[in-house]
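J.: Below are the chains, spelled out letter by letter.
2 protein chains.
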Amino acid sequence: MNSKPLIFITNDDGYKAKGIRKLIDILRPMGKIVVVAPHVEMSSKSHSITVGKPLSLKTITIEQDYEEYTIEGTPVDCVKMGFDNVLKRRPDFLFAGINMGANTSINTIYSGTMAAVMEGCAEHVPSVGFSLCDNDKDADLTDCLPFVETIAKDVIKNGLDDGVCLNVNFPLGQIKGIKVGHQAEGFWTEEFDKTEMQDGHSIFWLGGEYHCTDKDPNADWNAVNDGYVAIVPMQVDFTAWKFLDKTKKRFENI
Amino acid sequence: MNSKPLIFITNDDGYKAKGIRKLIDILRPMGKIVVVAPHVEMSSKSHSITVGKPLSLKTITIEQDYEEYTIEGTPVDCVKMGFDNVLKRRPDFLFAGINMGANTSINTIYSGTMAAVMEGCAEHVPSVGFSLCDNDKDADLTDCLPFVETIAKDVIKNGLDDGVCLNVNFPLGQIKGIKVGHQAEGFWTEEFDKTEMQDGHSIFWLGGEYHCTDKDPNADWNAVNDGYVAIVPMQVDFTAWKFLDKTKKRFENI
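Protein chains in written order, with this note's numbering: chain V, 1 to 254; chain D, 1 to 254.
Any given hint might turn out to be false.
Just so you know, same-sequence chains aren't split out, so a pair can sit in one copy or run between any two.
[Stated by the list, open to error] Simulated pairs of lysine to aspartate or glutamate, EDC-like, Cα-Cα distance not exceeding 20 Å:
(1) Lys-53 to Glu-41
(2) Lys-242 to Asp-161
(3) Lys-242 to Glu-185
(4) Lys-248 to Asp-226
(5) Lys-176 to Asp-140
(6) Lys-53 to Glu-72
(7) Lys-4 to Asp-136
(8) Lys-18 to Glu-72
(9) Lys-248 to Asp-214
(10) Lys-4 to Asp-134
(11) Lys-249 to Asp-216
(12) Lys-248 to Glu-149
(13) Lys-53 to Glu-190
(14) Lys-22 to Glu-63
(15) Lys-4 to Asp-226
(16) Lys-248 to Asp-161
(17) Lys-88 to Glu-196
(18) Lys-88 to Asp-65
Hints listed in this document are in silico derivations from the structure and should not be mistaken for laboratory results. Keep in mind that this is a model prediction, so the values were computed, not measured.
All chains, full assembly: derive it from the sequences and hints.
T.: In structure tokens:
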């Protein structure tokens, strides 16, 4: 009997990315590992899934207590393929990342890494996403690795409440501690870059600038900018519960 | 002075789809209309955005109080391009759909239509998504059109609370009335279809079956299956607020 926990790992930066390699190194002593990750980078793919065209599963490594596969799909495709075709069951835990780039505030909704975590959560698997607030593919992960290990060990030992997953973001540089808070309110002003082509038409490149409108120091964006690890408990539910009664009164007899 | 409200319209089925053409017909008398929709179908694209490759804007129609454009991008790309490059400002209202296919329960998170609505909501624009629980591209919209008109008129007259958008799903067939409730709890079992190729490798097609685990008759999936229009007030916030204190106690001094 293998009593080790079955740990599923994925990301959105692709299976070769530095972040997932470090995450695998940390988690490997903690259980039986199955990795299904995108073959190439799938950042900003959010919760998109591949419908109407097929996916191929490529085996990278099969060893004792360690299997690694890739697909030419999105992070959520990886979770679905992993649970349904590789494992044939739900794993005991899902970890995603370590993403290079912040998944705080509204950026959570664009993130493929956090979409994979949400998908695990929806399938009732305790799921955690890790991200570093640095877009450099070769960013230094030294300061955040001890926190990844501690948080992962705690989750594997104590689990998470059903329907709740964790979004963990690491600040740049030395870490002051951990702050738990909510997803910060904020938005992007996009400011596309425009290129005029020789044939007269224009093409546009999405860029933009993020604006945080949240003053709470515990809100994730503020916490990481203040040097703290930001942890947000998250759920797969868009319902604006506070507005349910008001909406009911307004629209049910319209 | 043009005192008509500025109404932005998009979808994920593409600009030629029956649903958006009907939505445009209904909304056109209510204000100045700007449509930016995907050139081709972008279902299941969720909140994904096009980063690192350019977008082209194609003009379809420019008339008095009516402009229509397409891009080879996702629904959220359409919203960003519409607000920032076409309008140069936020519109007064955003409407998306009418989507062919249910966007109830967890399906909301995969939906490009509802992602566009969420993006509008994040930008503080009163936003509403309409979907019909029928995947047939030529589905009959007759029964739901009067409800689309009534709801749109009410939102244009009375607005929506800042940070709250509406997810409206229509049942098949005759409509009993409107129910306002929460996003139903449920999940998919995926059951990929497998094809063995001549060279020995397998390809997988995502299919699957949805399971609703929510017993509340007001939950959106249950409401539409009982013949009601389901309205859910939604917000762009994944925070599991009920678990914030517990998570704080557990992880801040780990």
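J.: Each hint should be assessed against the structure and marked as holding or not.
T.: Hints, one by one, checked against the model:
1. In this homomeric assembly, Lys-53 and Glu-41 come within 20 Å of each other (Cα to Cα) both inside a single copy, at 19 Å, and across copies, at 14 Å.
2. When the C-alpha separation of Lys-242 and Asp-161 is checked against a cutoff of 20 Å, the pair qualifies only between copies, where the shortest distance is 11 Å, while the shortest distance within a copy is 22 Å.
3. Taking the shortest Cα distances, Lys-242 and Glu-185 sit within 20 Å of each other both inside one copy (17 Å) and across copies (18 Å).
4. Proximity of Lys-248 to Asp-226 under the C-alpha cut-off of 20 Å is restricted to the inter-copy arrangement: shortest distance 17 Å between copies versus 41 Å within a copy.
5. In this assembly of identical chains, the alpha carbons of Lys-176 and Asp-140 lie at most 20 Å apart only when taken from the same copy (17 Å versus 59 Å across copies).
6. For the identical chains of this complex, Lys-53 and Glu-72 are neighbours both inside a copy (11 Å) and across copies (18 Å), given an alpha-carbon limit of 20 Å.
7. For a Cα distance limit of 20 Å, the shortest separation of Lys-4 from Asp-136 qualifies neither inside one copy, at 34 Å, nor across copies, at 46 Å.
8. Taking CA atoms no more than 20 Å apart as the test, Lys-18 paired with Glu-72 passes inside one copy only; the shortest distance there is 19 Å, against 32 Å between copies.
9. For a Cα distance limit of 20 Å, the shortest separation of Lys-248 from Asp-214 across copies, 19 Å, qualifies, whereas the shortest one inside one copy, 29 Å, does not.
10. Taking identical chains as interchangeable, the C-alpha atoms of Lys-4 and Asp-134 are never at most 20 Å apart, the minima being 33 Å within one chain and 44 Å between chains.
11. Proximity of Lys-249 to Asp-216 under the C-alpha cut-off of 20 Å is restricted to the inter-copy arrangement: shortest distance 18 Å between copies versus 32 Å within a copy.
12. Taking the closest pair of Cα atoms, Lys-248 and Glu-149 come within 20 Å of each other only across two copies (18 Å); inside a single copy the shortest separation is 46 Å, beyond that limit.
13. In this assembly of identical chains, the alpha carbons of Lys-53 and Glu-190 lie at most 20 Å apart only when taken from different copies (15 Å versus 31 Å within one copy).
14. Taking CA atoms no more than 20 Å apart as the test, Lys-22 paired with Glu-63 passes inside one copy only; the shortest distance there is 18 Å, against 56 Å between copies.
15. For the homomeric pair Lys-4 and Asp-226, neither the shortest alpha-carbon distance inside one copy (38 Å) nor that between copies (45 Å) is at most 20 Å.
16. Within a single copy, Lys-248 and Asp-161 get their C-alpha atoms only as close as 29 Å, which misses the 20 Å cut-off; across copies the closest is 14 Å, which meets it.
17. Proximity of Lys-88 to Glu-196 under the C-alpha cut-off of 20 Å is restricted to the inter-copy arrangement: shortest distance 18 Å between copies versus 51 Å within a copy.
18. Within a single copy, Lys-88 and Asp-65 get their C-alpha atoms as close as 16 Å, which meets the 20 Å cut-off; across copies the closest is 55 Å, which misses it.
When held up to the earlier numbered hints, the structure conflicts with 7, 10 and 15 and fits the remainder.
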